[in-house]
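J.: Residue numbers (the numbering used here), protein chains in the order written: chain A, 1 to 196; chain B, 1 to 196.
Worth double-checking, as some hints may not be accurate.
For lysine-lysine, the following BS3-like pairs were computed, each having C-alpha atoms within a straight-line distance of at most 27 Å [claimed, not checked]:
hint, chain 1, residue 1, chain 2, residue 2
1, A, K48, B, K137
2, B, K25, A, K137
3, A, K106, A, K137
Below, a sample of chain B positions facing chain A; criterion: calculated Cβ distance under 10 Å [unchecked claim]:
hint, residue
4, G52
5, G64
6, F67
7, D73
8, Y74
9, D125
10, S128
11, K143
12, R158
Don't read these hints as lab results, they were simulated from the structure. Here a beta-carbon is modelled for each residue, glycine too, at the ideal position from N, C-alpha and C.
There are 2 protein chains.
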Amino acid sequence: MTSPPMEALGQFKLTAWEEENFQGKRSEFLQECPSIMDRGFRKIRSIKVENGPWVGFEYPEYQGQQFILEKGDYPRWEAWSGNSGYRTEHLLSFRPIKCANHSDSKVTLYEVENFQGRKFELSDDFPSLQAMGWGSKEVASIKVNSGAWVAYQYPGYRGYQYVLERDRQNGEFPKYTEFSTQAHTNQVQSIRRIQH
Amino acid sequence: MTSPPMEALGQFKLTAWEEENFQGKRSEFLQECPSIMDRGFRKIRSIKVENGPWVGFEYPEYQGQQFILEKGDYPRWEAWSGNSGYRTEHLLSFRPIKCANHSDSKVTLYEVENFQGRKFELSDDFPSLQAMGWGSKEVASIKVNSGAWVAYQYPGYRGYQYVLERDRQNGEFPKYTEFSTQAHTNQVQSIRRIQH
Chain A
1 MTSPPMEALG QFKLTAWEEE NFQGKRSEFL QECPSIMDRG FRKIRSIKVE NGPWVGFEYP
61 EYQGQQFILE KGDYPRWEAW SGNSGYRTEH LLSFRPIKCA NHSDSKVTLY EVENFQGRKF
121 ELSDDFPSLQ AMGWGSKEVA SIKVNSGAWV AYQYPGYRGY QYVLERDRQN GEFPKYTEFS
181 TQAHTNQVQS IRRIQH
Chain B
1 MTSPPMEALG QFKLTAWEEE NFQGKRSEFL QECPSIMDRG FRKIRSIKVE NGPWVGFEYP
61 EYQGQQFILE KGDYPRWEAW SGNSGYRTEH LLSFRPIKCA NHSDSKVTLY EVENFQGRKF
121 ELSDDFPSLQ AMGWGSKEVA SIKVNSGAWV AYQYPGYRGY QYVLERDRQN GEFPKYTEFS
181 TQAHTNQVQS IRRIQH
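Work out the full structure, taking the sequences as your base and the hints as a guide.
T.: Rendered as structure tokens:
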């Protein structure tokens with residue numbers, strides 16, 4: 001049940017609309033899209049993910065804030081954004097997360113940059129890293145050993161999101177500025193596996 | 001590591017401030033608070049949970065929207081609210097979640113009210129119920145067999161939150177209007193255990 005056959009074959013599918021509640025101009029996507037403008041869209045205001053997972057980005061060419069998009073319906077911007085304080089309402093590029101593997105995901109968090117200092121190895125979801133024994137609100141470097149993860153600024157999977165894949169940068173994120181191109185802080189208070 | 005001794009003894013602790021970023025009037029809470037006005041607060045704009053979990057409510061007497069509060073820092077409203085569309089910025093009562101048990105949590109979802117129809121038994125976190133095989137965006141009734149859970153309107157733990165405890169209503173939520181006093185919809189697209 002964790003890996004339906006179609007998704008295991010990598011048949012990703014996402015449908016996007018220009019307006020909220022699945023209204024207006026619409027297009028289906030089966031593979032990565034570096035810029036929605038190239039597909040004639042000015043904006044994206046609602047999304048259905050039929051086969052995922054995907055990651056959306058604030059700017060073209062996979063830049064800026066990241067938004068995890070798992071199977072389901074997203075009728076408006078706040079359904080995918082966890083950061084209403086910095087409200088851009090942009091989602092201008094997206095791509096499938098091919099290495100997600102919910103049942104075999106491992107990640108190591110480090111207290112100091114470049115994989116130094118105290119470390120913490122995880123293979124489960126942690127809505128509060130502090131409750132589970134991590135002594136700080138910050139994480140300085142991260143190594144993804146398998147699967148794909150999403151780390152969040154606040155507890156309970158809120159705030160800025162950082163999608164961390166085994167297949168990108170060899171799974172190595174030696175400092176917080178590599179968590180995303182738009183990471184302003186090394187605050188990481190929750191982390192979870194991405195579900196295929 | 002899943003249940004630090006202090007928290008296992010139920011020594012809950014939450015500190016609240018009237019302004020963002022832990023500024024202004026401040027108070028510590030060790031037990032439930034049915035109305036922050038009774039403690040001389042007009043509003044709460046930031047929170048630190050030292051020992052949790054807690055659940056916050058939009059209105060006094062544990063009414064209205066619910067917000068899960070696990071150990072960690074919440075410097076502003078959007079750190080705990082998952083629903084920026086309906087932006088009340090109220091958190092007027094809160095209480096500890098005493099039956100949370102991350103390592104022994106079981107819940108059953110039902111397709112039809114009053115625990116009828118197709119069912120789905122869970123003991124793990126599910127960021128997308130549809131990806132895991134639930135055929136719909138809706139859940140009509142829920143039975144909590146053990147522990148405490150938080151169900152969400154959208155995938156990826158976004159949108160309206162419903163805190164569902166074994167110790168409340170005998171763990172039985174026979175229709176969506178009992179998920180919370182403010183439930184407007186039976187949409188439930190993700191669910192997870194609450195961490196002690």
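J.: If a hint holds in the structure, say so; if it does not, say that too.
T.: Evaluation of the provided hints:
no., hint, in the structure
1, A:K48 - B:K137, "holds (11 Å)"
2, B:K25 - A:K137, "holds (23 Å)"
3, A:K106 - A:K137, "holds (20 Å)"
4, G52, "holds (7 Å)"
5, G64, "violated (18 Å)"
6, F67, "holds (9 Å)"
7, D73, "holds (6 Å)"
8, Y74, "holds (6 Å)"
9, D125, "holds (5 Å)"
10, S128, "holds (4 Å)"
11, K143, "violated (20 Å)"
12, R158, "holds (5 Å)"
Hint violations for this structure: numbers 5, 11, all remaining hints satisfied.
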